[in-house]
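Just so you know, the sequences run in chain order G and F. Note that my numbering has the first sequence beginning at 7, numbered continuously upward. Note that my numbering has the second sequence beginning at 777, numbered continuously upward.
Think of the hints as simulated: they come from the structure by calculation, not from any bench. Don't take every hint at face value.
Claimed, not checked - Covered by chain F, according to a simulated footprint, are these stretches of chain G (three or more residues, beta-carbon under 8 Å):
(1) 133–147
(2) 204–214
(3) 419–431
(4) 510–522
Stated by the list, open to error - Pulled from the structure, derived: some chain G residues nowhere near chain F, Cβ distances all over 12 Å:
(5) P128
(6) S323
(7) G390
All values derive from a computational prediction rather than experimental measurement. For every residue, glycine included, the Cβ atom is placed at its ideal position computed from N, Cα and C.
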Amino acid sequence: MVSARITKKLESLPVLVLLAAVGLLLCSVANARSRATVSPSQALFWIGLLVIVVPVFFRLSSKAPSYRERLGLVLILGLALYGVKVVHDSIFFTFPDEFVHAFNAERIAEHHHLYYFNPALPVTPRYPGLEGATSALMMLTGMSSFGAGIILVGAARLTFIAALFFLFARVSGSARGAGLGVAIYTGSSNFLFWGAQFSYESLALPLLVVVLMAFVEGEAAAPERRRAWLVPTVLGILAITITHHVTSYAVAIIFIVLAILYRVLKVRRPNPWPLALLATVSALAWLLIAARSTVGYLWPVLKEAVEGVFKTAAGESAPRSLFHASATSAEAVGVTPTPARAVAILSVLLLALVAFPGLLQLWRRRRRDPFVLVLGVAAVVFFGALLLRFAPAAWETGNRAGEFLFIGLAFAGIYGAGQFLRGGPTLERRRLLLTAGLAVIFVGGAISGWPWDVQLARPLQVKAHGREIDSEPLALAEFASKRMSGSRFAAPEADARLLMTPGHQIAFGGQGPDIEDIVNNKKIAPWQLPVLRKNNLPYVIADRRRNSGDTLRGYYFDSPGQYGQELRPKIVVHKFARIPVGRVWDSGWIVLYDLKDRPRR
Amino acid sequence: MRGHRDLQWASAGAVICAVVAVLVPWEIVRVIAAVPLTLFLPGYAVASVCFTPRELAPPKLWTLSVGVSLMLLALGALLLNVFPFGLTTLSWAVLLVLVVVACCRAAALRRGRPGQRRSLRLSWRPSSLGAGLVALAVVISIGALVLAQRPLPAGNAVGFTALWMLPATSQETGVVVGVLSSEQDPKAYILEVARAGKERPKTYRVSLDPGEEKTFEIPVSRRPGGRAHVVASLYLTSQPRRLYRRVSTWLPRQKTFPQSP
């Protein structure tokens, strides 16, 4: 009796809130230790994550909590896990896409209009939903894009979690199932870090879930009340259209499939073809009118993915090694330890174990429901998309698709978990087993979603003798921000992103135009100076650090024992001095040249 | 809107938040005002037009309020972009207030006679122990965020020193040379600035603490119509013969791209 009372107290919402906060603190301490370059803190980080998720998962598996308590639990889960991303980078954005979108937001705040050019990802200003919304917060608060972005993505995350809960609750008819569905969704490989970054998909995906929630709520409402739910559905479709290309196509596909299924299955409710038409027309219209460059951006990626799959299947190219960023060659990335790989693979097996019984049940009991069919198909396609991870050119496509498909997988998992938790004498033991399984799924997703060696923060700004010092590329970006306003740079990709924000400069990196070869080659080829001239890039950054081309690892202080500290040959940096041209900045590994500063010929 | 207290509060709140966000200079106060104005009230007002108080439970209403607010922000940016003044503090404030007040007015007309009250309260009443635990959790979370924002000593981080040089003025009659230390410990340097091959270099002894920067403005004399090649070299005092950093410029700058390497 007493032990039951203690268990009840320990499972109460305030205790779980406290545990989530303690878990967040542990993650923050692990990141702080990593930034302080003291002994490895990875174990502390994973313990912190488990302290957040395990008590919530265990409570969600219970029959006791009310609908609202379950909602509270998933919100705590979502908030605490978003906090884990925030404590990873609390000074500046450091995820590759965040620089791109922060730059766009700052340009909007500076120029008061949308669509300003972005040198890193030219397609992004054509989808200004996220940055436009962020600009409102920036202007009304005076905050930087970093502060405003964190608040905005945080609001989107909470909306996402709550809407997913309502969606699952409505479609499954079970609050317990909805809570477990959200718990399973946190095991999506992109949930912990990728989906929490300041990027257009981080707003578009929550809006997609709100649209789906509004749609199913409308379907469940009395006929005279359906129209009310159309307002958020339509607003959501339009907002997604101008926020993220792939999500807008996903919305269109979902509603087209639903419209077809309503017709085929002769569903008595009104066919959602007007929504399918709206989603398709708005996505196509936006693509043709405002965002034509999307074709040039997405088409090569999809083409390469398809070709990559066929080549790998035909044995023409070697399959990709799992837990590496892209190809089969040895890369300058951290090696994921074997136990971590085992957990990640086990998590996929557990997902299959929980999803397939669920899919069977859905097929037996709910196959006349079009929405359930769509979710079920998404779950099946998820496992197909996992195979894309073995094709070097297709792994990223498969990884991104997972974020959408996981909604269906989590829904199927609700039924699998429900079957596992059916009443009986060993229920408590099965609850523990399910909690452990969900924890493995969550940890496995986090492991496979973000490279092992950058799960923890690295030193970007550190304290020495009581004063703050910046990493080498950050110091250059700060210098440019203070003394070279509005300049145009060619630079290795990581340096270029820092120059964009917080440096507030126009900085080109990467391959469009081919700056990568210009800054990496040992010699200046005849085509290179014309490219710089054509793009009006007088300032060129030469960086000996090999990881300066790495948009995950190239921003930080070097510290012994870290990956990616190899150096390029000296000639890579000094080749520009042979032209000769002026040297504006020299900090050892990084030299900034001014091509327009030279002796008269 | 008389009698519909939630709509009155939403409208008044939007106006007050907008005024505070536009006029108050302190960032934290503006954040407190702007967050509900941007992320809650517009969605709440739209949801109030669509749903009567009895049709939507508070948790769904709150979720819809934030979700629809995000949608309106994205679409609002598109709308403001059409106007010549574009997206400014004032235009955002006016647009959001207009949306909230107009939708609240429409919701009041739709509701008709007062009587249907919307309760925004979530019916969770924790015990004093529960409230204490939640308060402790808030404190711990804030501690976690503060810890994450603090730069920490990182003994193994490899420091560096930067030397830079830019024209001092737009007339390019001199240069500014800067030495920035991002080293872990105080360091002493010798800085030499020379007009290549013409004069004896000017020498400076520079001592810098970590994070400290010193700049030197150096006039550069040159022949009429001629150009000066200025070279700044930095040496560590501990290794005065070994070049540590070097920057250079030709004044006035050519301002055209080289044709070939």
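Hints versus structure:
Closer than 8 Å: that is the beta-carbon criterion, and the region 133–147 of chain G has 12 residues meeting it against chain F, so the requirement of 3 holds. Using a Cβ-Cβ cut-off of 8 Å, 3 residues of the region 204–214 of chain G lie near chain F, which meets the minimum of three, so the contact claim holds. Counting residues of the region 419–431 of chain G whose CB lies closer than 8 Å to any CB of chain F gives 0, which falls below the minimum of 3, so the coverage claim is violated. Here the region 510–522 of chain G counts 0 residues with a CB under 8 Å from a CB of chain F, which misses the bar of 3, and the coverage is violated.
Look at G/P128: its CB is around 18 Å from the nearest CB on chain F, clear of 12 Å, so calling it non-interface holds up. Look at G/S323: its CB is around 36 Å from the nearest CB on chain F, clear of 12 Å, so calling it non-interface holds up. No Cβ of chain F approaches the Cβ of G/G390 within 12 Å, the least distance being about 31 Å, so the stated non-interface status holds.
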